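K.L.:
Chain residues, written in single-letter form:
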Amino acid sequence: MSELLGLTVAEAAGRIREGALSAAEYGQAWREAAAGDRLNAYLWTAEGGEEGNGADGALAGVPIAVKDIFCTEGVPTTAASRILEGYRPPYTATAVRRLTGAGARVLGKTNMDEFAMGSSNENSAYGPVLNPWDTARVPGGSSGGSAAAVAAGLAPCAIGTDTGGSIRQPASLCGIVGLKPTYGAVSRYGMIAFASSLDQCGPLTRDVTDAALLLGVLEGRDPCDSTSVGLGEVRLPGREDLRGLRFAVPSGIGEEDGIEPGVRDVFEATLRRIEELGGEVDSAELTHAPHGISAYYVIAPAEASSNLARYDGVRYGMRVEAPEVIEMYEATRAAGFGAEVKRRIMLGTYALSSGYYEAYYGRAQRVRTKIAEDFAAAFEGFDFVVTPTSPSVAFGLGEKTGDPLAMYLNDYFTVPMSLAGIPAISIPAGLAEPPGGGARLPVGFQIAAPAFHESELLDAAYALEQSIGFEAKPPA
Amino acid sequence: MPELRATNNEQLEAVIGLEIHVQLSTRTKMFCGCALSFGDEPNVHTCPVCLAHPGVLPVTNEAAIRYALQIALALECEVAPRSIFHRKNYFYPDNPKAYQISQYDFPLATAGRLGEVRIHRVHLEEDAAKMIHLGESGRIHGSGESLVDFNRAGTPLVEIVSEPDIRSAAQAREWAQLLRTTVRQLGVSDVNMEEGSLRVDANVSVRPAGSEELGTKTELKNMNSFRFLERGIEAELERQRGLLESGGGVVQETLHFDPASGTLTPLRSKEEAHDYRYFPEPDLVPVAPSEEMLSEAREALPELPAARAGRYEEMGLAVETAQRLAADPGTGDYFEQTAAAASAEPRVVANWVTGELAAVLRQDGGEAGPADSRVSPEALARLIGLVAEKRISHGSGKQVLALLAAEGGDPEKLVEREGLAQISDSGELETVVAAAIEANPEAAEQVRSGNAKAAGVIVGAVMKETKGRADGGEVSRLIREQLG
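Heads up: the sequence lines are chains X and L, in that order. So the first sequence is residues 1 to 476, counted in the working numbering. So the second sequence is residues 1 to 484, counted in the working numbering.
Quick caveat, the hints were computed from the structure, so don't treat them as lab data. All clues stand as given, with none of them false.
List time: in silico DSSO-like cross-link candidates among lysine-lysine, alpha-carbon distance up to 30 Å:
(1) X:Lys473 x X:Lys400
(2) L:Lys217 x L:Lys130
(3) L:Lys413 x L:Lys464
(4) X:Lys342 x L:Lys88
(5) L:Lys398 x L:Lys413
(6) L:Lys88 x X:Lys370
As the structure is a computational prediction, the values presented were derived from the model and not from experiment.
The following block holds chain L by itself, in its conformation from the complex:
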């Protein structure tokens, strides 16, 4: 395919779609009454149905349908009036019936969107058992013995398939995080990648920028953290670009990400060469959500990131800030509580939350968001008020914020304790400014000759002398006045 040849990386655009499996946090499994579990002793949550004894029949968990409907609606999908289960047939010890009950050509929901990425489909299925391969490889081939834990077998899964709308590894990570936030907000899953309740596979290809055709894709599996997801895709994009640049081609295959080495290795073809022989599951009746189920799912939807971002924009926030706050509902709520308590504009409050406060918390090295910090929304609101009323300088405000984050408390008392009250006596400030001009004759001369930028040196000297307690605007005004 000569049109796929390119001479440098910039010309090969990444085309990425994600396939996401979300384990639902229902009380029981998808098709039997066994409890869901994580980390329990092996094979204690099993019954004839999930062990696939002869003669057993599946019965669909209604709660799983309700949860899946919430996900579908949160992703703005069209819910099918009638969807059906199929059998996906393949032999593997983690698949006790030798078929997985899944959905095929009539999925629960289709044609949705989350952020800038379209959703292809959302469907329900059941999880496989967990296998432990004894021996060095950790894979079934070459292992002397393999053990199966059926606790996980039959756990309800929702599979979400995106359209290939993602254009970089970083975007893939960000979007997957947005999806996690969205699902977590619904309360229908723990969405924990390390524990496997959120699993993200990626379909990755490259093509000449601007091309409409899709290149040959590979499927990446086993990236069990957001960092690995980004690294895995990055590594695969690099590999594919390298292949095409050297005149080679990409082979469609499934690649397994090894977190230890950060490398991708192909799964053996034997493990993936399947004809799944899908056919409609005769043991189950179609899923036809009632109007009651749909309206209940709709009513249970919390405000989702997209709607929240829109509301923040209406409050006057910049688009980017609004989206950032909306993507993290905890921080969004914190912002709203602060804005409600503050006299300042929401836009100013938002900048404090996403700017100064985020920076202070990052410096502390903690993972905690504002909502978990020692800075209460009320305290931050008062602090922003002190700055807005020019009772303290912006610089002092940041100092107080750091103290609040470290020890909590009341901003006014901290200002008093640390002597950070802004110098309001203009006579005192005039004296300091005059001294600074005298100490910086070169800068003063440049300002006089029209170079306003040179005033920075004098401002800096004033701030140093006042320990940041001077109001920057007032200092500039005095400099202009004195050098007029």
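Here chain X stands alone, though its shape is the one from the complex:
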């Protein structure tokens, strides 16, 4: 990796603003790196040529990998689905506009699970993304392309979306930093909807500082998104200890959640490190969090069944012709959607149907409220809640594709924060040997904070990151 590619985003942008680094040169270096993608991380890469604008912005001259779920005007946007093959949006997502407005350039559009439904990136209609640490393994999902690109040095930073863990879990499995902000911190306008009440855009970066830098650009109230409120100023982190901070570990963790031994070791070592840094660690009751997955797999598919109904072959994207309009819908959607998307549309349609609404959707929403109340109660006595990000390290390609429930359990620790709408970050905390043996793989550590406390969250994550000093890199 050249010296240029070794710079963090904060460093590179600083040098470009000072005139010490040419944006064109920096951009060219990254385009060449992206062109060497052998992980199927990108679905589209930019030809280049636009550097030089926004030279004094926070992200001056920074190329960024954008998950293919964000609409980009004139640039193919598929959400990794056949049904949007060839679709070029007539507008650009607010999140992307904010990035380019701060001087960033879109380096490419990254692969993902179709419509963000998946935890392994194997649900892409354009083939799976490979994990740079071990190409026989998955990078996690759904923002697997973004995570793999940053981990493999194919992009200096990326954005993704997180509905139940889709930023944090692939960040964990790829050994990078992934932040899901508070629901409403970043505009969802132009982000192809999966589950509207959960979807949130966030950064995937090499370090916590870059995550804070990107979040500061991304956040903000957007008149095009009624549910956006913004965060106000995001401080760049600088804290070096955790004195006076209280960290809650959900009681009962590790009992029935299928945590791999290697992941548990790294988690426990990290808890000790928190104490060494002056933080207090204690357990807290999050009684309803274990029901998070069940509630999530009702709410998210229900919203998805409605959000994905617009892909009907009438106005854009794929159409399979048929003599009658209903048959055209059926043929188009049958050919255009993959198996997991169809499964969730069916689940969601069922959950919302007349006579079942209360038993499924209504009850799931009540569980969601309980989970949010549990977090609120925990935050009365604690500053943060911590868990492993994922119960496992990166698993093998094809290992869980036949067992949707096992796949869904990958989001066991990330889903509750999504349901509660609170911010959570995954930072690389160490390496662990996978259950079957083999080269050691990254393990993520998740920290969650009360809504709108991103600056405090990033500060704590930074202190821990500095102490851990995770330097491992995937094999070249």
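Using the hints provided, position chain L relative to the given structure of chain X.
P.N.:
Relative to the frame of chain X, chain L by itself:
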């Protein structure tokens, strides 16, 4: 259901409720910034939001909320402190998101009233796109090709649902017209049925008179004029009564009114068999009208027909006349201007406006109300004064009114020009009366023997001789005097 059997029409009472969609005349659409339009080139008022491109989000039009609040308040509804939007999910090419953003169990307003009909609810939603089916049927089935115009997609709609308080097709039409007048007065919609900015569907059932239970209802759609509304309901009532009288039953279904034939045909069950899977729209925040919005809407309310009618009754008008004038604000204003200029009682002025003037204008065949006619309120006031002061007879007054309506001008000058001044010289009138008695000996004899009604013949003869310029009361007095 044997209790629904009946042997003749009179025993089956109509139970009718209306569902009314009003397109608001805001500048932009309900959830995006596209301009509203009618009759423009297809698909020119569209954007990623109203075409439902991937990733777009709706943003509620605040003006639409303000307009809807005015309608709700005009219908004396209770406005919900917090109402929410739901998604109504169904696939159809005119529904680009495959869900319509509407309101479901928490509507904007409930429990209102307009005239004698209660309002169930008032809610906000968005209109669908317009479809054109090529081919003979004009319906999607059997058409070779269908085109979609998204200009209309996302136009703000207010849906008003009445309680089933209407008891006849004519009442349904009258009430719908009152609703149109009320909404038009607010200035929040064009409320034009032909252009579709006012759409009235009817829920129709029949039941034995006096029964409290509701019969099975059918829903009537596509009645795009007040006349068709009345005809459609009339036809459906007849059909339902026929079914019940012959021992059959009504099937709950949606019926499509065909204006060309005046008949009702069921929509295919495939087109209506929906489970809409309503759930709260996660992309929008609840509608919680601020005190400022509510008071502004309240202050913007013009005087509504009910209040106006009450004021007219206080002025001494008969209930029916007051309601008639109040239902048509233009005519009501005209009446008030005339009454202000006239020396006569408001009651007398009202009778001229709703009686003589309306008749004259009807004869002209025009649709124009008094306010648009050539008879100015001042001219009518002076004309009423001439009659009240007995300077011209009532009959002459009607002649002058017809002339005013035809050519405008000043009533005094017309009276002079046409020589219609009342005969005030009682000597001259006495002579005419005496001649009329002599010419009608039989009638005179009957009057003498106590049959006062027989005097009519003599009065008629006097009026004919004087060309209506005699005062009827004076003529009667002279007849009684001479036949005393």
